[in-house]
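Participant: Starting from the structure of chain G, add chain C where the hints point.
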Amino acid sequence: MDGSERRERMGHGFEPAPIATAHGEAALAACWSCFGPVRPAILFCQTCTAVQPPGQADHFSRLGLDLGYDVDAADLDRVYFQHQRQLHPDRFATRTPRERALSQSQATALNEAYETLKDPLRRADYLLHLSRDAATPEGCNLVNDMELLTEAMELREALAEAGSPAEVRVLAARAADDIRRCTSGLSDAFAAGDLDVASRLTTRLKYLRKLADDCRTRRLQLSV
Amino acid sequence: MPPLLQIHEPGATPEPDSGGAPLAIGIDLGTTNSVVAVGRGGSAEVLRDEDGMGLVPSVVAYAADGSAIVGELARQLLLDRPEVVVSSIKRLMGRGSADLKTLAGTLPYELAAPADTDTAGGMVRVVVGGHTLSPVEISADILRALRDRAETVLGRRIERAVVTVPAYFDDAARTATRDAARLAGLDVLRLVNEPTAAALAYGLDDGAEGIYAVYDLGGGTFDVSLLNMQKGVFQVLATGGDASLGGDDFDHAVAEHFLAGRKAKYGEEVLDSTAVKMALMTGRIAKECLSSQKWGEWSLEVDGRHSLHRLERPELEALLTPLVERTIDICAGVLDDAGIDPADVRGVVLVGGSTRVPLVRKRVAELFGREPLSDINPDEVVAVGAALQAEALTRGSDTLLLDVTPLSLGIETMGGIVEKIIPRNTPIPVAKAQEFTTYQDGQRAMSIQVVQGERELVADCRSLAQFELRGIPPMTAGAARIQVMFAVDADGLLTVSAREQTTGTEQTVAVKPSYGLAEDDMARMLYEALEHGARDMQLRVLAEARVEAGRVVGALASALVADGDLLTDDERRAIEGQMAAVRGAIAGEDRDAITAAAETLEALSRPFAERRMDRGIRAALGGRDVREFEGAAEGDREIGP
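Taken in sequence, the protein lines are chains G and C.
Just so it is clear: in the first sequence, position 10 is 10 by the working numbering, and no numbers are missing.
Just so it is clear: in the second sequence, position 204 is 204 by the working numbering, and no numbers are missing.
Honestly, I wouldn't trust all of these hints.
Below, computed lysine to any residue pairings styled on SDA-like, alpha-carbon distance capped at 20 Å [said to hold, decoys possible]:
hint : chain 1 : residue 1 : chain 2 : residue 2
1    : C       : K432      : G       : T94
2    : C       : K420      : G       : R122
3    : G       : K118      : G       : L130
Simulated from the structure, these hints should not be mistaken for laboratory data.
Here chain G stands alone, though its shape is the one from the complex:
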């Protein structure tokens, strides 16, 4: 299966369909405010402009981004701000309680999408979750990788033995380098649709992050 096919598959069927298919009538919802028909996943009623509930959508389509690992940080900020400008509870401060509650749900969903897509690790986890069996919870992509375990243990020991902030800094710089290589590897793996490689790299990124955090803690301990 080549990359484009994989992406095609990832784009469909991994989320509950936004509308029920058994009955044609369910293809449209009724606006809670004017009771007229509204299309699923639309933000505002096209007739009376009332804000609608957030509805089911993956994080990418919620923000209007293409599904994929490569997300430009500036693009993400731009679309996130653009959506929050319309949906943030501050825009509804003087509206009815129902509209305020809906805007809060919308803004909450946007924040969840933004936080997930902004972080290279959470984004990788999320993409794996979308593209694999939807029943697999996010983060449950355990890989039995001896090479990885050995490397992790060695670095952990090196950190425990580091006796000065300078030594920790060397380890932290190495971890930062590895993190960069890891995310660029993830970008290639997702582009090629190679989920096994992506999954392994995600696990590696997870422990590298932990290592970087531990370096920070250790450096603070040593500099006191």
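Facilitator: Just chain C, lined up with the frame of chain G:
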């Protein structure tokens, strides 16, 4: 041709008794001073007294009959009649009896013994002028005075406000602040974090873009926030602070130094709360004086014995260094959290009166490698930001404040360990679900402890509340799946809801706030508040009914424009007649009449709604396959309106 319909934006129906456009004020409720401001056309103005004073000292004096004097007058009484005056009450907001161990003896309050009936959730109470009052009630008196000032200056009723809180305030302190505003008859449109409000005032003034740091050292609280400012968006990246570190502690350090000098001269002296208040005031005067002078001399009098104390600036700085270094460490931690190098920070804004201390300016400049900005009065900038936000919320604006949770939110798990559910610096609003199960066969209830803080152990974090989940259907151990939803709204306030997943039963969540006021107490206080408290409540429900009825009419008016051809002339006349009736009711004062008219309108227009849905479905299907339509809908995620 039917007459043209007048269409209001839903919710924007004019409110007849408010004398024109809705007006909301911005309030900086400070530890030492408070400020009230109002926004007008994108700029804000601090509301001043006849003498041009914008600052209202956050000091309240209580007469024997319980009436309160707030501000400069009360502050003057602090020296003559300290026993009837209370100051720095903000430091006790959301505090419980358990916190008193760390505060006792360091603050000029006489605290009441913990209540016999612990219904008030363990909130501390202060004894002043023979009255026992909660910090919420005392803060409400300050807010009432600010509201009065605004009403006098603006010449109209004020019912809505944006109130600022320290970014590092926890849920209990935020709730206490909101409750105080409610007691003062103010509807809080939003609680805004103080550094964020300051950034708003600065950013709009200077058109700043990029990463900015706001260093806010007030009378009793310290905050630092890092913001990404982009074309009217103020996105908080990380925030940190200490909700009990401020200029008061500077005063305290100086006072202790003076008292140590007295001790060397006179030996051990017993100090009552009056003597403590005097010593603290002298400490404050010395500190303020040494911001501009090189040295000075101050005298203290206890039990008729005088002592003279000389202090030079280097000595003062030695006393303040541990406190200032603590703020610098917190700044470094926040930079680290956000992954931002000090060199990436485009500007540092100083907020709060305590940033006038030269040592503070020097250390902040050294950390960020640049001279900090303080061209907007650091005492007033927060209120200015609050007023700008109040205007933005009531009249609309392009600016957007995106804030974060200052403290991690977690729950207690086995062995008193905290499991973090929402980490600090998560953008708000946010909601996270957590699943729980039972550990005994037939278990019907469970108790969940919610804490806020960064430490691993529950005992080292702050308990926010104890939640009782009841009504779990009896099942074997581990079979029940109870989903508990923790939601933090845009004010930074937590709500919890729960649901049993296997049966779908909603759980009752009984909240016992660890430090806040129970809802019963709140209701009682609202009732006991000034006689116009009841009138305030009536006006609020009236305003809410008007907004809701306005929405119904507005929505239907839009529907008539889109699908009016689905109605016969008679039907249309009936609906338009009832719409006019609702508008008439809105113009009146009768809340029940408004609600009833709006309900009648909704009932009357139900067949119209059904026809509109039928037409929508026919248009959508239009002989096509359902799947085809689905595809179209999916590719069609537009942003409206």
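Participant: Straight-line Cα separation of K118(G) and L130(G) no greater than 20 Å?
Facilitator: holds (16 Å)
Participant: Compare the distance between the alpha carbons of K432(C) and T94(G) with 20 Å, and conclude whether the hinted pair is satisfied.
Facilitator: violated (26 Å)
Participant: Between the alpha carbons of K420(C) and R122(G), is the straight-line distance 20 Å or under?
Facilitator: holds (17 Å)
Violated hint for the displayed structure: number 1, the only one.
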